[in-house]
Amino acid sequence: MPEIIVDGRRLRCDEGETILDVCGRNKIKVPTLCYHEAVESWGGCRLCMVEISHPKWPGWKDWVTACLYPVRDGLVVGTGTPRVRRLRATVLDLLLARCPNSDVIRSLAAEYGIEETSYQPREDGDNCILCGLCVRVCAEVIGANAIGTAGRGTSKEISEPLKEPPADCIGCAACAYVCPTNVIMVLQSRTQRIIWDRSFDMVVCKQCGKSHITVAQRDWLVKRNDLPADYYDLCDECKRKVVANTQKNLASMKYPGEDDLFDIDYI
Amino acid sequence: MTLTGASVISTVDQICSNYPAKESSLIEILHDISAEFRYLPADALRRVSENLGVPISRIYGVATFYKGFSLKPRGKKLIRVCEGTACHVRGADRNIDEIERLLGIHPGETSSDLEYTLEVVSCVGACAMAPVVVVNDKYYRNASPSDMRRIAGMGGDADEDKDEGGDE
Amino acid sequence: MRLETVKDLEKRRKQAIKNKESVPNTILVCGGTGCLASGSAAVADEFSKQLKKHGIDTKVQLQVKRTGCHGFCERGPIVTFVPSGILYQKVKPAHVEEIVEKTVKNGEIVKKLVYRDPSTKQYVEQYSEIPFYKHQTRIALRNTGQMDPTSIDDYLARGGFKGLAKALDMKPEAVLDEIEKSGLRGRGGGGFPTARKWRSAINAPGEKKYVICNGDGGAPGALMDRSIMEGDPFDVLEGMIIGAWAIGSDEGYIYVRQEYPLAVVHLRKAIETLREVGLLGRNILGSGLNFDITIARGGGAFVCGESSALMMSVAGKVGEPRAKYIHSTERGLYDLPTVLNNVETWVNVPVIIENGGERFAQCGTEKSKGTKVFALIGRVNNTGLVEVPMGVTLRDLIFNIGGGIQRNREFKAVQTGGPSGGCIPKELLDLPVDFDRLTEQGSMMGSGGMIVMDERTCMVDVARYFLNFLMEESCGKCVPCREGLRQLKGLYDRIVEGYGTMEDLKKIEWLAEDVRIASLCALGKSAPNPVLSTIRFFRDEYEEHINLKRCRAGVCKALTKLVIKDNCIACGKCIKVCATDAITGEKKKVHVLDQGKCIVCGSCVEICPVDAVQVEPASKAVEVPS
Chain A
1 MPEIIVDGRR
11 LRCDEGETIL
21 DVCGRNKIKV
31 PTLCYHEAVE
41 SWGGCRLCMV
51 EISHPKWPGW
61 KDWVTACLYP
71 VRDGLVVGTG
81 TPRVRRLRAT
91 VLDLLLARCP
101 NSDVIRSLAA
111 EYGIEETSYQ
121 PREDGDNCIL
131 CGLCVRVCAE
141 VIGANAIGTA
151 GRGTSKEISE
161 PLKEPPADCI
171 GCAACAYVCP
181 TNVIMVLQSR
191 TQRIIWDRSF
201 DMVVCKQCGK
211 SHITVAQRDW
221 LVKRNDLPAD
231 YYDLCDECKR
241 KVVANTQKNL
251 ASMKYPGEDD
261 LFDIDYI
Chain B
1 MTLTGASVIS
11 TVDQICSNYP
21 AKESSLIEIL
31 HDISAEFRYL
41 PADALRRVSE
51 NLGVPISRIY
61 GVATFYKGFS
71 LKPRGKKLIR
81 VCEGTACHVR
91 GADRNIDEIE
101 RLLGIHPGET
111 SSDLEYTLEV
121 VSCVGACAMA
131 PVVVVNDKYY
141 RNASPSDMRR
151 IAGMGGDADE
161 DKDEGGDE
Chain C
1 MRLETVKDLE
11 KRRKQAIKNK
21 ESVPNTILVC
31 GGTGCLASGS
41 AAVADEFSKQ
51 LKKHGIDTKV
61 QLQVKRTGCH
71 GFCERGPIVT
81 FVPSGILYQK
91 VKPAHVEEIV
101 EKTVKNGEIV
111 KKLVYRDPST
121 KQYVEQYSEI
131 PFYKHQTRIA
141 LRNTGQMDPT
151 SIDDYLARGG
161 FKGLAKALDM
171 KPEAVLDEIE
181 KSGLRGRGGG
191 GFPTARKWRS
201 AINAPGEKKY
211 VICNGDGGAP
221 GALMDRSIME
231 GDPFDVLEGM
241 IIGAWAIGSD
251 EGYIYVRQEY
261 PLAVVHLRKA
271 IETLREVGLL
281 GRNILGSGLN
291 FDITIARGGG
301 AFVCGESSAL
311 MMSVAGKVGE
321 PRAKYIHSTE
331 RGLYDLPTVL
341 NNVETWVNVP
351 VIIENGGERF
361 AQCGTEKSKG
371 TKVFALIGRV
381 NNTGLVEVPM
391 GVTLRDLIFN
401 IGGGIQRNRE
411 FKAVQTGGPS
421 GGCIPKELLD
431 LPVDFDRLTE
441 QGSMMGSGGM
451 IVMDERTCMV
461 DVARYFLNFL
471 MEESCGKCVP
481 CREGLRQLKG
491 LYDRIVEGYG
501 TMEDLKKIEW
511 LAEDVRIASL
521 CALGKSAPNP
531 VLSTIRFFRD
541 EYEEHINLKR
551 CRAGVCKALT
561 KLVIKDNCIA
571 CGKCIKVCAT
581 DAITGEKKKV
591 HVLDQGKCIV
601 CGSCVEICPV
611 DAVQVEPASK
621 AVEVPS
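Chains as they are written, first to last, in this note's numbering: chain A, 1 to 267; chain B, 1 to 168; chain C, 1 to 626.
Keep in mind that a hint or two might mislead.
What the hints assert, rightly or not - Restraint-style ranges between C-beta atoms, simulated for each label pair:
no.: 1; chain 1: C; residue 1: H135; chain 2: B; residue 2: P73; range: 48 to 54 Å
no.: 2; chain 1: C; residue 1: V265; chain 2: B; residue 2: G153; range: 37 to 43 Å
no.: 3; chain 1: A; residue 1: W60; chain 2: C; residue 2: K18; range: 58 to 64 Å
no.: 4; chain 1: B; residue 1: G153; chain 2: A; residue 2: W60; range: 57 to 63 Å
no.: 5; chain 1: B; residue 1: S111; chain 2: A; residue 2: E157; range: 36 to 42 Å
no.: 6; chain 1: C; residue 1: E455; chain 2: B; residue 2: G53; range: 28 to 34 Å
no.: 7; chain 1: B; residue 1: S111; chain 2: C; residue 2: V265; range: 49 to 55 Å
no.: 8; chain 1: B; residue 1: G53; chain 2: A; residue 2: Q120; range: 42 to 48 Å
no.: 9; chain 1: B; residue 1: A6; chain 2: A; residue 2: Q192; range: 51 to 57 Å
no.: 10; chain 1: B; residue 1: S111; chain 2: C; residue 2: S200; range: 50 to 56 Å
no.: 11; chain 1: C; residue 1: K506; chain 2: A; residue 2: D219; range: 55 to 61 Å
no.: 12; chain 1: B; residue 1: E109; chain 2: A; residue 2: W60; range: 30 to 36 Å
no.: 13; chain 1: A; residue 1: A167; chain 2: C; residue 2: A174; range: 54 to 60 Å
To be verified - With a Cα cut of at most 25 Å, we get these calculated BS3-like pairs of lysine-lysine:
no.: 14; chain 1: A; residue 1: K163; chain 2: C; residue 2: K317
no.: 15; chain 1: C; residue 1: K18; chain 2: B; residue 2: K138
no.: 16; chain 1: C; residue 1: K576; chain 2: B; residue 2: K138
no.: 17; chain 1: A; residue 1: K61; chain 2: C; residue 2: K324
no.: 18; chain 1: C; residue 1: K111; chain 2: C; residue 2: K7
no.: 19; chain 1: A; residue 1: K163; chain 2: B; residue 2: K72
no.: 20; chain 1: C; residue 1: K121; chain 2: C; residue 2: K162
no.: 21; chain 1: C; residue 1: K208; chain 2: B; residue 2: K22
no.: 22; chain 1: C; residue 1: K573; chain 2: C; residue 2: K587
no.: 23; chain 1: C; residue 1: K324; chain 2: B; residue 2: K138
no.: 24; chain 1: C; residue 1: K525; chain 2: B; residue 2: K138
no.: 25; chain 1: C; residue 1: K102; chain 2: C; residue 2: K162
no.: 26; chain 1: B; residue 1: K22; chain 2: C; residue 2: K317
no.: 27; chain 1: C; residue 1: K269; chain 2: A; residue 2: K61
no.: 28; chain 1: A; residue 1: K56; chain 2: C; residue 2: K171
no.: 29; chain 1: C; residue 1: K317; chain 2: B; residue 2: K72
no.: 30; chain 1: C; residue 1: K53; chain 2: A; residue 2: K56
no.: 31; chain 1: C; residue 1: K367; chain 2: B; residue 2: K138
no.: 32; chain 1: B; residue 1: K138; chain 2: C; residue 2: K49
no.: 33; chain 1: A; residue 1: K61; chain 2: C; residue 2: K367
Claimed, not checked - What the simulated footprint calls covered on chain B by chain C, stretch by stretch (three residues with Cβ under 8 Å from a Cβ of chain C suffice, anywhere in the stretch; the number is not a length):
no.: 34; region: 8-14
no.: 35; region: 37-43
no.: 36; region: 84-97
no.: 37; region: 104-112
no.: 38; region: 140-146
Hints are computed from structural coordinates only; laboratory data are not their basis.
Yeah, the Cβ is synthetic: ideal placement off N, Cα and C, and Gly gets one too.
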């Protein structure tokens, strides 16, 4: 069981954990932008950089991304050293130049003493910081692979393939949900959702009338997970109520020979 | 002229059949399609996606990441001005300025009559002949701005070699 | 016909040598990309034609072969004669008839094609006496320029596959031991000990392992990889097969830059040939080794020279690197143990096994064994590829082998290691070149590119050029590189256009340091090297650009004006090269340059035989109160 020392605290780790995993478990805050527990770590934003050293190699220091660096026994980690803070400040300063209109970036940058960017602000840009979470969620969690990246370097962008409304999109809006700077636009009405310039019909809950999922997403999930066709006829809340009622009814039934009843509280 | 339709698809199928139907074959296939059509038609990319079972979003990502591929039709003459370090130190950017001026297009663009495509590349490995310009398969050595007209095939002095050969 | 055993191999070798010796004379015409660009194909064709015309049987008395790159590209097309050892340079098809009549038939020299030393003015007929070649120790380049690259018999006749035969007779661990004894370090730029890399892959769990050759050679000015792949492909393959035996791999890839079409052609032919004779495929030479190699062409991305990005590209994905906290030898291609080495590293392997690691280690310095191929290019007289033992000084390379600076100008700096390296100024010319000494000075040996600069090179422009290159080649995955390089270049633009401030310079230094630490991969991490090394050694040039609005080299157009001085001899050469017809003049009258038409391209400065065109500060220049 490897042990590492983070900001002076000795912490036990599991083999294969990253520094960020261990910090998260121990409520040590490390800022992130491109990290999300639902997808593979990416290491692109560099915001989670921490300073590491090891008593086995005196004089050696390095700065690594906590989200990817695997723990090893004896590792000494500093999450808030002056150099770390300077690196984070530069990352945020650069992002602020890229997305001067993003409130999220602006407030993060302010935490590191940056009110205005030191660099040349990008004009006519949107607030996309190219963290790639939208693409990764669509690929790894949803499995639709509807969007991806295009180009590289300074002209890299998140893009619909062939610059057309993506044919593989199921309108689930997971990409919009996970975007740290709220760039992806979703227009929602009771019967329709518009995202990536595509219009999706909504499934309306047979019980409460709320539209909770797109038809395309429902068809996708039913097929993928081999579910009964009417599985999404009720929204999650109504489904929960049905289950709760069923349980309640079951609980009030007396079974032959059953003397004890347990009270179950339902919300 | 943008290429679409059945002829594209049958050529693409033929090319794909030379490689295993896996993602790792993608770049080789794109090279072959590029050689065939002088660019990557959208219909070709869609077909490759079907044939390899790779999502079109990833195919598009790869096709736009690598500078060797173009999604727009390229001109008959692909003029590549090398801007590798040796060429730069010997004045490649003057050549670029001049050829831009002559052709009226910027690097990465194709002339509207589809005669010329201009690209700046980073090293063709002929550094000792810097500055180098490559037109389709022909390499021009020690190119200077006053050579650009001839190199682009726009007329100018007959194919005189600056180098008389040998050592005087 | 398959070579099933080492005996079969030696039998074929004997036959190849016999065939070679039966034709007493050979004319070797260089067919490397450089010479091809100078028209060597037409020269080779003309030889065939002229020899036929003069009744010389090319099967019996004399054969003509097209070889790979000699490395002396500036002097191409190059033609050499075996066994007389004569070298002709700058040969044109029009010269061939005279060559056949004089040299081939009568053994006479055609003087005007002989190499003439630019400083001593002496004619040097013998290839091995020309200083450019004389001072070289060609190990990695032992075969290029000496044989037909696609002929396995040529390769065998020169001793090819002796290393492989020996290796397959040894235990894999013994092969690894020899590599360790040799002290071989990676030649692609990292300088990582090769034996350690191989050992780490051997120890990684799992059966399936990959062997990869990095033939990207993407650093501008690093033409050695192209040269070796074009000129000696069997060597590369032999090295990889030996590596596969040592590591326990059955599948190999050669990643070739798409800008090297000839290398792809020659490698393909070589692989096909080896498959036919059974040196690739199953049970190679009866050893039980199964191994085959596939060529993977690059799509056009310098970042794919970085090993993890390269592996993504081989897998058909975008070439984005990943953090190397877990090494590729444990999780590389398809997350499996992979050994990736550079082309030049691989071609050293057969030699090490054939002659032993200890012998290899006799050459070079204490920590950098063996030789290194350098691409000596830029403003130096003898440009081309040179291979010398590690430890040779920069001065030796540039002045003895390179023949000094063109047009007798002043040496200013040499950029080593391409865009990932830094510049070395005059004061450090006696630095020995090896993996560690240059790194200590903020540069690196890299893949061996040496770009020589003179007083007409602006160091601010050089740094900006490299930043621009790296910015264009950045994959865009991480913020410091993608955004940081863009911002750095923007700051440089201000300086070269005359709007720079000292505040900008401070920002550059600050940001460069952060980009170095925070970037994900070696592209971003080494991008600050040209920036910081030019600021360190040429700070005064930066300050002149900023405070005086002056570019002393006359390169930054916004800060430069060209003027024709009175020593003009009215030869008219500048008029011919002026792209905008800005120069006018009559015979015997000092020519006139119209500033309104001048685009400050500097071609006239380059061509003027008496240096009558001078650079002066543009009107923006500021006089500094003394």
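The hints, checked one at a time:
1. H135/C - P73/B: 48 to 54 Å: The hinted range 48 to 54 Å holds for H135/C and P73/B, with Cβ atoms some 51 Å apart.
2. V265/C - G153/B: 37 to 43 Å: violated (26 Å)
3. W60/A - K18/C: 58 to 64 Å: holds (59 Å)
4. G153/B - W60/A: 57 to 63 Å: Because 59 Å falls inside the window, the suggested range holds.
5. S111/B - E157/A: 36 to 42 Å: violated (26 Å)
6. E455/C - G53/B: 28 to 34 Å: Given a distance of about 59 Å, which is not inside 28 to 34 Å, the answer is violated.
7. S111/B - V265/C: 49 to 55 Å: violated (30 Å)
8. G53/B - Q120/A: 42 to 48 Å: holds (44 Å)
9. A6/B - Q192/A: 51 to 57 Å: 36 Å Cβ-Cβ, so the 51 to 57 Å window is violated.
10. S111/B - S200/C: 50 to 56 Å: Since the Cβ atoms of S111/B and S200/C sit about 52 Å apart, the hinted range of 50 to 56 Å holds.
11. K506/C - D219/A: 55 to 61 Å: holds (59 Å)
12. E109/B - W60/A: 30 to 36 Å: Given a distance of about 49 Å, which is not inside 30 to 36 Å, the answer is violated.
13. A167/A - A174/C: 54 to 60 Å: At 57 Å between Cβs, range holds.
14. K163/A - K317/C: With a Cα-Cα distance of about 19 Å, the restraint between K163/A and K317/C holds, given a limit of 25 Å.
15. K18/C - K138/B: violated (38 Å)
16. K576/C - K138/B: holds (24 Å)
17. K61/A - K324/C: Satisfied, since the Cα-Cα distance of roughly 16 Å is no more than 25 Å.
18. K111/C - K7/C: violated (47 Å)
19. K163/A - K72/B: holds (13 Å)
20. K121/C - K162/C: violated (42 Å)
21. K208/C - K22/B: holds (18 Å)
22. K573/C - K587/C: holds (11 Å)
23. K324/C - K138/B: With a Cα-Cα distance of about 40 Å, the restraint between K324/C and K138/B is violated, given a limit of 25 Å.
24. K525/C - K138/B: violated (36 Å)
25. K102/C - K162/C: violated (39 Å)
26. K22/B - K317/C: Judged against 25 Å, a Cα distance of about 11 Å means the pair holds.
27. K269/C - K61/A: Violated, because 48 Å separates the two Cα atoms, which is more than 25 Å.
28. K56/A - K171/C: Not satisfied, since the Cα-Cα distance of roughly 35 Å exceeds 25 Å.
29. K317/C - K72/B: Distance ~21 Å between K317/C and K72/B Cα, so the pair holds.
30. K53/C - K56/A: Answer violated: K53/C to K56/A is near 76 Å, above 25 Å.
31. K367/C - K138/B: Given pair K367/C, K138/B is violated - Cα atoms ~43 Å apart, limit 25 Å.
32. K138/B - K49/C: Status holds; Cα separation ~23 Å.
33. K61/A - K367/C: Roughly 24 Å between the alpha carbons, so the hint for K61/A and K367/C holds.
34. 8-14: violated (count 0)
35. 37-43: As far as the region 37-43 of chain B goes, the hint is violated, because 0 residues have Cβ atoms under 8 Å from chain C.
36. 84-97: holds (count 10)
37. 104-112: violated (count 0)
38. 140-146: Check passed, 5 qualifying residues.
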